[in-house]
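2 protein chains.
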Amino acid sequence: GLDMDEIAWLTMAMAETGDMLDIDRKPIMDVHSIGGVPGNKTNVLVVPIVAATGLTIPKTSSRAITSAAGTADVVEVLAPVTHSLDEIKRIVEKIGACLVWGGALNLAPADDLTIKAERALSIDPRGLMLASIMSKKYAMGSQYVLIDIPTGEGVKVETIEEARSLAKDFIELGKRLGQYVETAITYGGQPIGHTVGPALEAKEALETIMTGKGPGSLVEKATGLAGILLEMGGVAPAGMGKKMAKEILESGKAYEKLKEIIAEQGGDPNIKPDDIPIGDKTYTFVAQTSGYVTKIDNKAIATIARAAGAPEDKGAGILLHVKVGEKVKEGDPLFTIHAESEVRLDQAIIHARRMEPIRIEGMVLQRIGNI
Amino acid sequence: GLDMDEIAWLTMAMAETGDMLDIDRKPIMDVHSIGGVPGNKTNVLVVPIVAATGLTIPKTSSRAITSAAGTADVVEVLAPVTHSLDEIKRIVEKIGACLVWGGALNLAPADDLTIKAERALSIDPRGLMLASIMSKKYAMGSQYVLIDIPTGEGVKVETIEEARSLAKDFIELGKRLGQYVETAITYGGQPIGHTVGPALEAKEALETIMTGKGPGSLVEKATGLAGILLEMGGVAPAGMGKKMAKEILESGKAYEKLKEIIAEQGGDPNIKPDDIPIGDKTYTFVAQTSGYVTKIDNKAIATIARAAGAPEDKGAGILLHVKVGEKVKEGDPLFTIHAESEVRLDQAIIHARRMEPIRIEGMVLQRIGNI
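Those protein sequence lines, which keep their order, are chains H and Z. First residue of the first sequence? That's 680 in the working numbering, and the numbers climb one at a time after it. First residue of the second sequence? That's 680 in the working numbering, and the numbers climb one at a time after it.
Keep in mind the hints are simulated off the structure, nothing from the lab. Note that CB positions come from ideal geometry on N, CA and C, so glycine has one too. There's no promise every hint is true.
[Said to hold, decoys possible] Computed footprint of chain Z on chain H; a stretch qualifies when at least three of its residues, placed anywhere within it, have a C-beta under 8 Å from a C-beta of chain Z:
| # | segment |
| --- | --- |
| 1 | 681-690 |
| 2 | 750-760 |
| 3 | 889-903 |
| 4 | 1042-1048 |
So here's chain H without its partners, still in its complex pose (with noise of 0.2 Å):
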């Protein structure tokens, strides 16, 4: 593999290849999640509650490419996100953040070439994969850089220890880069909220940012997140990040600045969780048996939403109705999937009959009898 000289000089080179983002407001911060945990819309909150405080936070989003949605599909249902880069200096000058399409810019365009090449080749995937996400962060100008590893079963990262590890290279490479990068390992082992798939995806989090209230899941990893940018951007005290990002939430603070983000890239500020439409062909399944919830399989619930058509189809996805530890009784909603075409929508319950994306267990586990 490269080593971190190697990889340093290879994120630079990569972003060098292509256009550098200027703008004229500092500090500047960014946030990344490495993905893979399905409903992941966090950075939707995470953005505008860290640019209510006055900090900068150019954004820029990848589309998913084996995920239910990334955060531009997310974006997209509520305003475009395709820009040039100096309509992005010209929006984030403004008001200090954007959501936008990263794969529109020529931002580090060597990346996708080296990447396809040496991953045919299989050289150092965690090197490459370090200097995709760090090229862009430095095309962008970004200072302080917060890298969200979720962590947990079914997602990229699967124990702890990897994450320690990988957390360590994107700090060792954020040093060589001139950039002050943190990490949060975050708990990734189910979807996060209620929702996948855009549509589903952006309601929920227009909803949780409107209302200051939303699923525990999405509220305290929103906040949480944010809660470290604003102190690495010097804003809050150490130790009461998370406290003033959960204020700025409730107050409406970073609802208004989500307003002025889908205003600026040319959406509707006023749209409504209501306006947004939502794939109507459904099919709900319930639980065959009463019990505890104790797993659900984030490739599972990714596959099924990609079989009911998401991310092209953006009104296609999955809502789930229980999360792991809840009761359920026989009968009781799992989770419901939207698709647009009654098409998509029996592909999707197929594999949803094959796999078991929830898993309900009882207190008993297993009877073994005569044998």
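Fit chain Z to the known structure of chain H by using the hints.
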């Protein structure tokens, strides 16, 4: 180690060194938990449910050795548990059930001696455990035996694979002894119900059997095990046992049978939960942070309850205010230690401060910054 034939001969030889019970009611059912999960007052419910159908279940139990309360310690809060074999024969032939202390009887007396000697020599602990448990069932004349194998972190059997292997051994040994054995692998990753300690557990069991309602883990486990016994004993059709067990619990018939058992063993059948004295020296630990309960440490809970005085001080123990998966806010009560003396309470508090019996985690599991 010993092979299965040797274990079978050892089991029968152990039984024949002592007295044998000859009850004139057939078939004779039995249930035994291999133990290790705190708060397991389950059989105080299972035995009355099974006997309420007319089946015969002369249950002998042990007192706590390393745990905070054995079934005999819990039952003793409600009624005397020390009876002669003749007295047990009379009770069981009259009402079909008992809940007594096995240690008062001359059942397989070679067992304790053999175990002591061979344990010191580290000879085949699994073979000895099998022989020890089954020799007592053999001496009681049990024909249909259900073995409960709690499985999970911090109990004797930590994995399902291990549980399955042990289950096979019990079933094989049963065949050689002329007994029909089934096993239930049950979830043992956290305490059963909300209480640990003789009086607290007796109170919870009595409340649950009187009202037909109680903590999910207790009701599910008790009706799950009782249901298997009802099917084994031929009073419930295959697959219908648990439903029948639940109906018997909810109808009050199990409570009527428990009252008969209490009366025949010399206790007050009209005892109410509020009549049971609980240690009045208490201390409540609260959550230091908001988040989700991700773990309750079985071993720590047992250690703290024993430090508080259980099982000798019957009123000592732990009341859990939360279970795994629940959401808590900073300052919410997590568990209350009950003791009968300030000295034991202080001891328990010291242990509880040092251990982390209940783990709370937010969505951000760890923040890694400048290293």
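For each hint, the structure was consulted:
1. Counting residues of the segment 681-690 of chain H whose beta carbon lies closer than 8 Å to any beta carbon of chain Z gives 0, which falls short of the minimum of three for the stated coverage.
2. Remark: the segment 750-760 of chain H is not confirmed as covered by chain Z, as 0 of its residues place a Cβ nearer than 8 Å to a Cβ of that chain, below the required three.
3. Proximity of the segment 889-903 of chain H to chain Z, defined as three or more residues with a beta carbon under 8 Å from a beta carbon of that chain, is established by the 5 residues found.
4. With a cut-off of 8 Å between beta carbons, the segment 1042-1048 of chain H has 7 residues touching chain Z; three or more are needed, and the interface restraint holds.
The structure does not agree with the numbered hints 1 and 2 stated previously, though it agrees with the rest.
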